[in-house]
Structure formats: structure tokens, C-alpha cells
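Chemist: The hints should help you fit chain B with the ligands onto chain A, whose structure is shown.
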Amino acid sequence: MADLTAAAPLTTADGRPLKEALARAQRRAKTRAFLLVAPLLLFVIVSFVIPIAQMLHRSVYHDGFSANAPAVSAWFAANPPGTPPDEAAFAALAEDFRAMKAAKTAGEAGTRVNYTLPESRSLFTKTARDADRLAPPYRDAFLAVDPKWADPEVWQAMRSSSSAYTSDFYLSATDFRHTADGGIERVEPRQRIYVYLYIKTFVLSGVITLLCLILAFPVAHLLATLPMAKANLLMILVLLPFWTSLLVRTTSWMVLLQGQGVVNETLLSLGLITDSGRLRLINNQTGTIIVMTHVLLPFMILPLYSVMRVIPPSYVRAARSLGASSWTAFRRVYLPLTLPGIGAGALLVFILAVGYYITPALVGGADGQLFSNMIQFHMSKSNWSLAAALSAMLLAGVLLLYWLYDRLIGIDNLKLG
Amino acid sequence: MAEVSGRDAFVEFEHVQKSYDGISLVVKDLNLTMPKGEFLTMLGPSGSGKTTCLMMLAGFETATHGEIRLAGRPINQVPPHRRGIGMVFQNYALFPHMTVGENLAFPLEVRGIGKDEREVKIRRALDMVQMGGFVSRRPAQLSGGQQQRIALARALVFDPELVLMDEPLGALDKQLREHMQFEIKALHERLGVTVVYVTHDQGEALTMSDRVAVFNDGVIQQLDRPDELYERPKNSFVAQFIGENNKLSGTIEKLEGSRALVRLSTGEVIDATPVNVRETGQKTLVSIRPERVEFKPEMMPKDAHTIEAEVRELIYMGDILRARLKVAGSEDFVMKMRNTLNQTRLQPGQRIKVGWHPADARALDPV
Ligand SMILES: Nc1ncnc2c1ncn2[C@@H]1O[C@H](COP(=O)(O)OP(=O)(O)OP(=O)(O)O)[C@@H](O)[C@H]1O
Ligand SMILES: [Mg+2]
Chain A
1 MADLTAAAPL TTADGRPLKE ALARAQRRAK TRAFLLVAPL LLFVIVSFVI PIAQMLHRSV
61 YHDGFSANAP AVSAWFAANP PGTPPDEAAF AALAEDFRAM KAAKTAGEAG TRVNYTLPES
121 RSLFTKTARD ADRLAPPYRD AFLAVDPKWA DPEVWQAMRS SSSAYTSDFY LSATDFRHTA
181 DGGIERVEPR QRIYVYLYIK TFVLSGVITL LCLILAFPVA HLLATLPMAK ANLLMILVLL
241 PFWTSLLVRT TSWMVLLQGQ GVVNETLLSL GLITDSGRLR LINNQTGTII VMTHVLLPFM
301 ILPLYSVMRV IPPSYVRAAR SLGASSWTAF RRVYLPLTLP GIGAGALLVF ILAVGYYITP
361 ALVGGADGQL FSNMIQFHMS KSNWSLAAAL SAMLLAGVLL LYWLYDRLIG IDNLKLG
Chain B
1001 MAEVSGRDAF VEFEHVQKSY DGISLVVKDL NLTMPKGEFL TMLGPSGSGK TTCLMMLAGF
1061 ETATHGEIRL AGRPINQVPP HRRGIGMVFQ NYALFPHMTV GENLAFPLEV RGIGKDEREV
1121 KIRRALDMVQ MGGFVSRRPA QLSGGQQQRI ALARALVFDP ELVLMDEPLG ALDKQLREHM
1181 QFEIKALHER LGVTVVYVTH DQGEALTMSD RVAVFNDGVI QQLDRPDELY ERPKNSFVAQ
1241 FIGENNKLSG TIEKLEGSRA LVRLSTGEVI DATPVNVRET GQKTLVSIRP ERVEFKPEMM
1301 PKDAHTIEAE VRELIYMGDI LRARLKVAGS EDFVMKMRNT LNQTRLQPGQ RIKVGWHPAD
1361 ARALDPV
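Those protein sequences? They're chains A and B, same order as listed.
The first sequence lines up with residues 1 to 417 when you count with my numbering.
The second sequence lines up with residues 1001 to 1367 when you count with my numbering.
Bound conformation, chain A alone (with noise of 0.2 Å):
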């Protein structure tokens, strides 16, 4: 008997292979299943996976200078770095120039070796206007119209460009630069903006986290102590924000915060400051840092909130009762019961808060700017490539730090509401 069934398939009663009936009786619901996601699938793909995708590539991708020199592309191919340009490359440079005179692409050209070596790009323009007059020996021709054309860092510059792929985007954005022998080196300690910027504003945004920490915390547990009708009252308080544009609520704070405005006006008629020692509010980084931990609150409130008001007050009245003081009941029983809260809501408010322009922008001031204004200007300067770069190390750091959460509390405690 025991054999028997061991030997013989299981089958279903009209003989079809149980296996087969099973995967035949999901295959409906699961089709229908991958039918219903399909549409958002194809959202997210269109519209995240495909941008971000193709923003990485960028970073590390530019064909100005390669598609439109591929004469003088294929010298650099030819010839191993550091090889010094001879009349060979000076007469393909000229046909290129020729060509790019004709296309009327210099200036594309010129501005791919420009993000590698600053001040090229008029080097290419000018160059171009003269193109038809270059004749042999072209190198005495070129240098005519230009005695850079001798400088071994612009022809450095050009072999990092002739390449459509490279890495300079990513160079540049930390700070680093092509060397003339084709090494790498730091850039001069005046123009280090980049890496600065990056810590200051992992850092600001680090410190605007844990100030809504401390201010969400007891707003999330007095929402969640609060009977219901008040706390639906304090709630839409705390919505409020989300109703109002984000530019009205900066403006405002413009008006609270500026040397002259509400703040400062009250704390002189207090007494408590000098007519000469208004306080700076604004257009600095403590306006950044003011006026963004406002932004994001709410960020914070609602996972604590969701977090908080699922905790049964049996909990901390076990403490008590089992000899606890009510600060040990909170430490030791309440606290570790908010965690997912805390960790859901710093993990929102610090990606948000990393990622933000728009309000350091308007109240930052020259030091109050973050890494993002940053990426916001070379994208106004039609710099793709940097920009790209930038946000690349961007999201790098952010995905960094999600995996050290993931490792250290367990994205599985992460409670969003």
C-alpha cells in the first residue's frame, strides 16, 4: 500500500497529474494577478526606472567632443596618453575643425573639453572661425590662431573627451581633476566645493532630522494620548502645511524671520536683544535649517503618530505597576515601542531633507545651499553630465544609508503608517 502510493503520482480524481491540475488552477488567478499590476508597473518603469537609468548614464556618458572630432579622436585612439601631438594630430584636428565648421558643431565640441579643462570652449570657437585658413605645417597654423594649441593640458583635456564614456563627470564632482601627463590630482583648495558641500549637507540634514525628532515626539504623543474628537483638531493642525503651498509657507517665514520681521521684532520690544544685534534668521543656514525642519515635520509626526497610537496604555501602566518611575517606564518600555516610528519617520525626513532645493534656495542664502542647488545650477547650465553626477553621488549616499539602516534596525521594522 505504502509502496503504491509512493511510486504513482498523485492525481487528481478525472487522472490529470495533481502538479499540473494545481499550477493549471493558478495560473487564471495569477495572470489575472500580473494584469492588475501591469498598468502601475509600466508607470514605474516610464517614469522611475527608465529617468534614473538613463540620468546614471549620462553621468558617465558625452559625445560632444567624440561624435563631432572623429579624426582627431582616432589619433588619440592611436597613440597611448602622454604621446606629444604631432603634425599627424595637428592635421587631423584640422579637418575636424573644417567639418565642425561646416556643421557648425565648435562650440558642442568646445564645451565637452571645456567641463574638463575650463576656458577651452572659446579656444574652439575662435579656432573654428579661422578653420578655413589652416594649412600646413598645420601645428605653426594652429598656433597662430593660438599659442594654447601648445598647452599639453588642453590636448589632455581633449583625449579625456575623445571618448564618449568617462569618468570626469564623476572627477569633477568630487573635487578631482586630469593632470597634463594624464594622472589625477585635487583641484586647487579655493575650488574643493563639491565634497565640502556633500558632508555639510549629509550633516544639515542629520541635524534638521533630529530637531523633528524632538519637536514630532511629544506632538505624535499627545495626538495619540488625545481623545479622539481633539485629536482629529490637532491633526488637522498638523496637516495644515500640506494644504498650503510649499512657497507661501517659505514666504511666510520669510516675513517671520527677516532682520526686520516678526521675530526679531518682538524678542527687541522684550528687551531682549539690541537694535544693533537683530539676529540673523535668514538668508543663511540657520534659515535653511529653521524653515526646513518646519517643511518636514509633518514627515515626522505622522509614522510616530501611526506607531504610537497602536501602543495599548496597558504597557507603560505594566511598568509602572511592576516598580518602574515613570521616566524608566518610558525609557525602557514606551521608547523601545516607538522605534519603528522613529526609524520610519528620520529615515523620510533625512532622504526628503538631503534631496531638497527648493527652500535653500529661497532662504538659504550663500551658505545655507545644499548639494542639491548644486545639481539645480549645472542643470540651469545645461551641464547634464555634472548634474548627473552629482545626483548620482547623491543617491549613492542616500542608498548607502538605507542599507545601514536595513542593517542596524531591519527595514522590516520600518512602520510608515
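Hints in this document: simulated from the structure, not taken from any laboratory.
Certain hints may be false.
Calculated pairs, SDA-like style, for lysine to any residue (alpha carbon to alpha carbon, straight line, at most 25 Å) [stated by the list, open to error]:
(1) Lys230(A) with Val1026(B)
(2) Lys1121(B) with Arg332(A)
(3) Lys1115(B) with Ser325(A)
(4) Lys1247(B) with Gln1350(B)
(5) Lys1115(B) with Pro336(A)
(6) Lys1296(B) with Ile1352(B)
Modeler: Showing chain B with the ligands alone in chain A's frame:
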């Protein structure tokens, strides 16, 4: 029932009142005295103020008026964590982020008890509830009954003299509940702790308690031993709330000493024991337990009045037979008979005469 004298009183409520909203009283003039070591149950319908009383004793609610004393000391001003009262909550309230061992260590740590002594006490408490092998489990990995035991162990691990339990078995199924009732009772006897237990399961109250306080509407209706409560309810609320009960309404015809003659609204006359009726002509509700109703003449006292009855339905319940009778115009008069070998099997439609010992029929206030 022996009155508890003021001297050996352990828990005392004196004229305690409680109002949440300042409009209505949830607890009205509560007076209660418990000796050390007693197992007292608060029993009552939902909303009668049982939990409120317990919370006032534990210190989570303040009495609006009156005084609560523990071992002779007023505790109105003592914060909950200084009262040294163990507590078991209805949903157990085991800390979900701590293991069983950490849960039990918690009350010991906050008391500053050293690690070695802690281990000993935790082991002892876990063995007490037969959960020795579960130290490193999380509460979520335990069944309801196991969580219940851990909650019990946690409330006892720091050797409190008073333990409060608010419907601790409410979430368990019937069989487990009965088993745990037995275990809690055994623990109480072994440790000699004083227990205040809240339930609205009257069976639980009767089987476990030394005394039961029946609550209704913020007032203790009767505070008595279980047998007294069941056999000699002091008013119709208690009679109806505890156990099954037949009610016959009528007026007092004659009142002499411990005997009353009651004329029912349909004209029949029955014997009863007056409880809270004072004069003839007064309206009354006579209460008789179904198992004290007899239909065999030889089982009734000689001079007892009997009354006509018609069998409407007979329900076989295994250990007992339950007959629904029509008596004095009421259709739901119940009689219980033991299912013995030679028990008479009644038939629906059969006419019989039922009677009872006058002591078993109690003439109470009408509701
Ligand atoms: N925190 C509170 N605020 C206002 N009213 C309350 C509060 N707690 C209880 N009450 C009211 O007090 C009354 C008694 O409540 P309590 O919880 O003591 O009843 P209970 O006897 O324990 O009932 P149950 O058997 O349902 O647990 C109820 O009418 C309840 O609505
Ligand atoms: Mg209750």
C-alpha cells in the same frame, strides 16, 4: 461570614467615590475591607465599575472622594510604582520587545536586585507556572495560555503582597480557562498572597474566590462567600446575576418570623423565606433555584404548598435533565433533575405538581 476587624485589614476602601466626567459617579460610596491572604473577586456586568476600582487601587486613577488604605497606610498620594502591587492585565501587557526572561527581570532590575538573585527569582517564578524552558522566547512566540502564565509569573516574581488581576482569563478558551482558574487558585493558596480578581464570569467567581463582591452600577450589591451568594442572595439583582433562577412575582399574604406566604398574581399560594420584604401586602419577587424544585411528593416537606405545572419541553443535557415548565402563567420556569438510573422521565404535556423547601424560595424586592 466573619466580619474583618479594622486591625487585620490589609486592603481598605472607605467611602470611595469616583467620577470621570464630574457629572456621574462611576463608583458610589464603596466600602470594602480585605484581610491579608484573601482571594476576593469583583463580579458584575460590563460598566459596573470593577476596573475603575482596580485602577484606583493600583494607582492609575485617583479616587474623587474617600480613602484607600493598604496595610493601614493611606495610598491616595503614593505613585503606582511605589505601591508594590503586582498586576495582571486582560491582554497580558507583556513587553513585546523583551524576551520572557527580560520581562521577568524588569521588576527586579528597577528594584536594583543583583544579577544572581534575579536569576534565582526568575527561575523560581517560571517553574511556578511550569514555563521553565521559555526564558529566551519572545511573547509573540507564545500561545495565549503561555502568555497568561508569563504575565502571572511577572506579577509574582517580585514577591508582592497584593496582586490585582483584571479579567486575566478573558481571552482564553473555555477549557484552558478552567485549567488556569485551578492553577491560579493553587498558586494563591501556596503563596498566601492577597488577590483582587475582576471578572464578569460568575462561574469563575464562584469557584475561585474566598469572597465575591457583586457590583452593579457602582455599588456593591452583596459581598459574601460564594455559597452564601448563591444560596442566599440578598436582593433580586444578585439572585438573577448569579446562576440560573426562577422568578415568580406576587404579594406577601402573611409574614410570620422566617416564613412568608406569597400569593402569586395568578392566585396560587406558595411558601417562601422573607429576605428584604417587611410587611404584608408588599409586592415581591420570589426566587427559586431550578435544582431545588421538586416534583416528587416524597421529596417535599410535609406541609409545603405545591403548585400546578405543565411540562413544556424536556432537554437532555447529559448529567442533568432540564425541564421547562409552565407555572403560574410563566412559560420559562426551569426545573433540573439529576440524570440517575431510576429518574422519572417526564413527557412534554404532562401535568405535575411542583414544590420546594420554603428555605429555598426567597422573597426579594421586586425589580
Ligand atoms: N477613562 C475613562 N474616562 C471616562 N469614563 C470612563 C473611563 N473608564 C471607564 N469609564 C466609565 O466608567 C464606567 C465603569 O467602567 P469600568 O471600566 O470600571 O467598568 P467594568 O466594570 O470594568 O466593565 P467591564 O466588565 O466591561 O470591563 C463605564 O461606564 C465607563 O464608560
Ligand atoms: Mg473592566
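Chemist: Hint by hint, note whether the structure agrees.
Modeler: Structure-based check of each hint:
1. Lys230(A) with Val1026(B): holds, 23 Å
2. Lys1121(B) with Arg332(A): holds, 21 Å
3. Lys1115(B) with Ser325(A): Between Lys1115(B) and Ser325(A) the Cα gap is close to 20 Å, so the pair holds against 25 Å.
4. Lys1247(B) with Gln1350(B): holds, 22 Å
5. Lys1115(B) with Pro336(A): holds, 23 Å
6. Lys1296(B) with Ile1352(B): Since the Cα atoms of Lys1296(B) and Ile1352(B) sit roughly 9 Å apart, the hinted pair holds (cutoff 25 Å).
Hint check: no violations occur; every hint is consistent with the structure.
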